[in-house]
Amino acid sequence: MSKAKSSLPVSGKLHGMSQMRRNEIIAGYLFFLPTIFGILLLTYGQMIYSFVISFTDWNVFGSSKFVGLQNYVQLLTQDFFFWKAMKVTLTYAFGSVLLTQAVALLMAMLLNNKHLHGKAIFRTIFYVPSIVPAVASCLLWSWMFNPDYGLFNAALSAVGLPKSAWIYAESSAVPSMILMSAWGCGATMVVYLAGLSNVPTTLLEAVEIDGGGVWVKFWNITVPMISPVLFYNTLMGVIGGFMTFTNAYVMTNGGPNNATLFVNFLIYRTAFGNNKFGYASALAWIVFVVLATCTLAIFKFFGKKVYYGSAEN
1 MSKAKSSLPV SGKLHGMSQM RRNEIIAGYL FFLPTIFGIL LLTYGQMIYS FVISFTDWNV
61 FGSSKFVGLQ NYVQLLTQDF FFWKAMKVTL TYAFGSVLLT QAVALLMAML LNNKHLHGKA
121 IFRTIFYVPS IVPAVASCLL WSWMFNPDYG LFNAALSAVG LPKSAWIYAE SSAVPSMILM
181 SAWGCGATMV VYLAGLSNVP TTLLEAVEID GGGVWVKFWN ITVPMISPVL FYNTLMGVIG
241 GFMTFTNAYV MTNGGPNNAT LFVNFLIYRT AFGNNKFGYA SALAWIVFVV LATCTLAIFK
301 FFGKKVYYGS AEN
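Quick note: the sequence shown uses our numbering, first residue 1, plus one each step.
Everything labelled a hint here was simulated from the structure, so no lab data went into it.
Small disclaimer: the values here were computed from a predicted structure and weren't measured.
Each computed SDA-like pair below joins lysine to any residue, with the alpha-carbon atoms no more than 25 angstroms apart:
1) Lys304 / Val191
2) Lys84 / Tyr72
3) Lys84 / Leu99
4) Lys114 / Met225
5) Lys119 / Ile131
6) Lys305 / Ala292
7) Lys300 / Val289
8) Lys119 / Ile221
9) Lys114 / Val190
10) Lys305 / Ala102
11) Lys84 / Gly255
12) Lys304 / Ala194
13) Lys217 / Leu99
14) Lys87 / Ala102
15) Lys276 / Val290
16) Lys114 / Val223
Working from the sequences, and respecting the hints, build out all of it.
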């Protein structure tokens with residue numbers, strides 16, 4: 001009897017703790033509920049809705065008409081601008097990834113040099129362009145690309161080279177955009193710096209002792225050790241290339257002759273310019289499938305080549 005009486009306070013304390021635990025869980029869910037609601041309504045809800053209206057002919061101001069797969073069939077078989085936009089976007093994504101990754105990695109390796117003085121200043125200088133507002137960057141580069149009084153043509157004239165039309169010519173518009181993309185590689189550079197800081201100096205010193213040069217150390221030690229960072233930056237670069245919009249909107253309006261008609265700009269022009277929201281939604285879902293396919297291809301062909309140290313693949 002005495003044992004039963006002594007156990008009552010303990011059971012009451014456990015009951016109180018469990019009740020408090022339940023209250024904390026309920027409070028946590030209540031605090032988290034607005035975020036869940038926002039994600040479901042404003043993200044997944046909008047995606048589902050865009051998928052539904054992609055099978056309709058809808059111009060917002062009138063009633064929607066179900067057309068089945070007609071939007072998708074027209075896009076893939078009859079729409080010249082869709083294939084033009086895909087070609088432009090793929091060209092830009094491929095070129096910008098190569099140039100941006102090369103420049104960012106080169107700057108990171110230079111800033112990772114232990115003999116370099118004023119690293120903090122140089123890191124800040126190289127990083128600042130990546131945080132400049134996109135519209136401001138576009139306006140700045142529009143001035144530098146100007147064929148009459150732009151900075152680039154002034155530099156070409158100073159060294160006796162012929163001038164270029166840059167973004168104002170169909171043949172040089174996309175290469176000019178690719179050149180511009182390398183200017184904002186500061187964020188990518190910071191990620192590479194983090195990866196380079198984890199490269200063991202003992203391995204680099206061992207290569208030096210064996211008589212290996214700079215290229216041997218870079219290709220056989222540095223590249224494998226930073227391969228996760230290379231993989232991540234490449235994947236993000238491809239996705240960013242497909243998401244390009246501001247450059248075409250601010251600088252060229254998709255021209256000249258649709259030379260900078262990126263898929264995001266085409267979606268915007270179709271929806272808000274031509275008032276074809278059903279058709280634009282179908283276009284967006286096709287672009288999503290293409291981007292997902294590119295992402296899976298990158299994972300398949302390059303994911304297995306990534307070195308994760310002692311972690312099991």
